[in-house]
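J.: The lines below spell out each chain.
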Amino acid sequence: MLRLTDRGLYCEAADLYIDPWLAVDRAVITHAHGDHARWGSGWYLASREGARVLRTRLGDDASIELVDYGETRTINGVSITLVPAGHILGSAQVRLEHRGEVWVVSGDYKTEPDPTCTPFEPVRCDTFITESTFGLPIYRWCAQDETFADLRAWWRDNASEGRASLVYAYALGKAQRILAGVAGADVGPVYTHGAVERLTADYRESGVRLAATTPVSTLPKGTSFAGSLIVAPPSAAGSPWLRRFGDVSTAFASGWMQVRGARRRRALDRGFVLSDHVDWPALLGAIEATGAENVWVTHGYRDQVARFLNERGLNARAVASHWEGENDEQPAVADEGALA
Amino acid sequence: MKQFARLYSAIDSTTSTNAKVSAMADYFASAQPADAAWAVYFLSGGRPKRLIPVRRIATWAMEEARVPEWLFDECHHAVGDLAETIALLLPSSVHAIDADALPLHAWVVHRLLPLATMTEEEQRAAVLAAWRELAGTERYLWNKLITGSFRVGVSEQLVARALAKASGIDEGVIAHRLGGHWTPTAESYTALVAADSRDADVSRPFPFYLAYALEGELESLGDAREWQAEWKWDGIRAQLIRRDGRTYVWTRGGELVTDRYPELVEAGDHLPDGTVIDGEIMPWKSGGALPFAQLQRRIGRKTLGPKILAEVPVVLVAYDLLELNGRDLRTTPLAERRAELARIVDAAALSCAFVLSPIVPLETWDDARHAHADARTRRAEGLMLKRLDSEYGVGRRKGSWWKWKVQPYSVDAVMVYAQPGHGRRALLHTDYTFALREGDALVPFAKAYSGLTDAEIRTLDAWIRRHTIDRFGPVRQVEPVQVFELHFEGIQRSPRHKSGVAVRFPRIARWRTDKTADEADTMDTLRGMLEAPV
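In order, the protein sequences belong to chains A and B. Mapping the first sequence onto our numbering, position 307 (from 1) lands on 527, and the numbers just tick up by one. Mapping the second sequence onto our numbering, position 404 (from 1) lands on 1615, and the numbers just tick up by one.
Just to be clear, a hint being listed does not mean it is correct.
[What the hints assert, rightly or not] Okay, derived cross-link-like pairs now, SDA-like style, lysine to any residue, Cα gap no bigger than 20 Å in a straight line:
1. K1658(B) x H1698(B)
2. K1496(B) x R1509(B)
3. K1213(B) x T225(A)
4. K1213(B) x D370(A)
5. K1614(B) x T1575(B)
6. K1213(B) x A1245(B)
No wet-lab data here; the hints were simulated from the structure. Remember, predicted model here, so these are calculated numbers, not experimental data.
Let the sequences and hints guide you as you build the complete structure.
T.: The following block contains the structure:
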């Protein structure tokens, strides 16, 4: 039903692409991250939950048709349904049904609970196209309550010594998940980088409850940042923007922080393991829950995951895509920074 | 163990030397002597020898984690460190004990060291038991200890500084006591920080005094006549100690290498008791230096036959005299130490294994410049400049001693292969192979790991991922278009290298984005730099 072309995953029967990396006539978008939602296509189909962030990403001129989760749209006999993916606000899996056959494209997803978006729902299908950003068994997330407790303890320690706490997090999704996680933590004020603030406003307008924030850019000169928590995109690291904060402890919230080398290379004070992707056990669990016989594995450790699934008797293949997931070096961050 | 794990995390999460020293000093101030002793041992790079073959440990980890070997290897590639890979793959610990109940020395003495004499089955049971008890950083550290790969970013000097800070004993005394065969027991730790410093074992060397690279112009050093210039030799820095009728040779790396240099032991017999000479072990023949590569043939050999001793004889090029007649001369001005050194070496002239480090006459700074330009022809790697009134200090200090190395050799080469690094560089391609043109072909001749900024490494990594032609395991063959200026210190013919030459200490000087592969240097350029065969 789907095949891979040089523009992306293509459904011939419905004549549309899913998360194409080049401009096409019709695109179904799983979520608003830069590597999945690209500019320039003629028409987009996306989830209503993510409408505001997608609009911020694609601009006012984009033609976007919105559907609710679970609502089915039929095009040339192909039934298209968006199902919650639990990755970020509005993220969706795409379910395609044609002549009794069901395919599901996961987009990026996680099965952990997240107060900023509708939780992941498993969908039975014949063929499941899954991401594999953290598709190695070394990636097993600790309970997020522990991570948030660590983060708040770090903030409190810094505050008690008159230091600011700066946490780098992807501007769309992770930043808001942190803001939800620290809501009600009575430590100090929470400040944001412009790229984070704009998307945070989209989240609030979409009805997500987050800690109160103030953009750094609106603060008067000479504001003391001691005791505050600052949320900034990773692209702000090493930039002159940081100079104003004085004594500051830095941390990065990402699944990559699981590995010591990734923490050390960024010369961070702390690394918090917090990911919007499935870890290894959740990935295997999600694949199993689909009941799919065929599994296509995209971006991340696709060769390794495909081989592992094949050895377990599934019909799996690695599929080269231009999606990056939570790329450690995150080229997508460049355009996040551009929103500042 | 928990306390030590906390110390490890504190050291590991900062790049500030002061913060590392403070963390260690806090630990030493509160730890039990038996634990502190092992902490000193591990922090200064000590490791118990060959407890268990590493692959055996990996196999048990695969079984325990139920991961096939190929997937284990993939994980190892991604993490870049075996001990960490295992710590991440193992299932959560089942009955985590209160790790404080078993302090560091108990872990080492009762759990770690006995592994060496166990049968394979016993080893397996012991390692699995520890894995099931430990979690997080402690499990990772245990893996580092059993695989003999424990390493943390501190030097023995920093450990000595932290001990000095915690105990109030002079850093030099601590460093002196730490040198040599220090055994990690509660008693030796207590002796290490004891107030009475007359204890020093006769075999122990003084801490080596090191020079910083010259900054700025020679003229900024003042009057040239207040300085002593010597050649900077490229050998093995060492101290030769003659005390109580015995001779000891210590390298700067803190290794006792007496047995490897019988020439020096014999020469020691010509020295009066209570003598310590600082110098450079050099391969030396017919009154001149041999290339360093010759010395490498002797390093690491356990037994030295008459052939190698005849082919690569060594001398100690004597730089300085640190002890005379049992008296510590280090605070005596250099000029006086040098005069005594000359006398001692002269008196020991029966032995040809001592060479007094030649003084480069210095009236004006131009004399230094001329000598510097001439250094390579003597197989020296530059000049040392020492104030005539300088003391022999401890560690690396700025001010009275400077090293002024000659400009390195330089070629523009094309990157042909790349592979991921280890540790903090594991997720990036940071190890590169470079080639030079030979007709239409590209001949690989050097690997280099250092010299690029983190930003350049990231940019290059992204480029490598998109321009890979072929893959051999973790190694990627890339399109031969990126040109880099490589520097290296020496060049030698080598039948063992495909290119026919071996270069010493190659590193990247800069990324020549202004050059295309056609503009890179050729093998002919490189061969033109070969020294005349010796």
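J.: Which earlier hints turn out false for this structure, listed by number in ascending order?
T.: 3
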